[in-house]
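Visitor: Just so you know, we're using this note's numbering here: the sequence shown kicks off at 27 and counts up by one.
There may be inaccurate statements among the hints.
[Unchecked claim] Label-pair restraints from in silico Cβ distances:
id, residue 1, residue 2, range
1, 154, 128, 33 to 43 Å
2, 152, 127, 33 to 43 Å
3, 127, 147, 31 to 41 Å
4, 56, 133, 27 to 37 Å
FYI, nobody ran anything at the bench for these hints, they're computed from the structure. The C-beta atom is built at its ideal place from N, Cα and C for all residues, glycine as well.
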Amino acid sequence: MDTRNRMRTAGGGAVGTLGRASRAELHRGRAIAAAAPSERFLESYRAARYAAGALLAPGPRRRGPADVWHRLAAEVPELERWATAFSGYSALAAAVEDGLPRTVSDRMADDFLWAVGRFLDLVDERLGVLGPAA
27 MDTRNRMRTA GGGAVGTLGR ASRAELHRGR AIAAAAPSER FLESYRAARY
77 AAGALLAPGP RRRGPADVWH RLAAEVPELE RWATAFSGYS ALAAAVEDGL
127 PRTVSDRMAD DFLWAVGRFL DLVDERLGVL GPAA
């Protein structure tokens with residue numbers, strides 16, 4: 027049984043939250059498998075975006091910015107530095123997604139993938155998702 031989909035909290039959490047967290051892991055796996063640096067970067071970015079969405083999913087939608095990174099900074103202040111950092115990559119991710127010529131080096135893609143992995147660990151911790159070693 028994949029323990030990453032079980033919740034530690036008594037309430038269990040929303041199915042949407044787990045779905046977003048699972049999608050984040052799926053995109054991270056795709057990033058790890060990607061040969062092209064631009065694809066590795068883009069899949070990593072998607073993983074981070076889904077992970078952020080998992081934190082924002084519970085509860086009613088609040089007024090304010092609709093961008094996931096601005097919402098994350100506003101609603102989860104402890105992760106504001108992460109939100110600001112990932113927000114800085116939004117334009118590059120959009121350009122790569124649209125097929126525009128952008129240079130993404132192997133080093134940059136690998137470093138970004140590593141950072142996203144750390145972010146996903148923090149998100150899992152906040153959600154109470156049990157990791158593989160649990």
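Visitor: Given the range 27 to 37 Å, decide if the beta-carbon distance of residue 56 to residue 133 lies inside it.
Guide: Hint violated: Cβ distance 19 Å, outside 27 to 37 Å.
Visitor: Look at the Cβ atoms of residue 127 and residue 147 and judge whether their distance stays inside 31 to 41 Å.
Guide: 33 Å, holds
Visitor: So the hint says 33 to 43 Å: do the beta-carbon atoms of residue 154 and residue 128 match that?
Guide: 37 Å, holds
Visitor: Kindly confirm whether 33 to 43 Å is satisfied by the beta carbon distance between residue 152 and residue 127.
Guide: 37 Å, holds
The structure does not agree with numbered hint 4 stated previously, though it agrees with all others.
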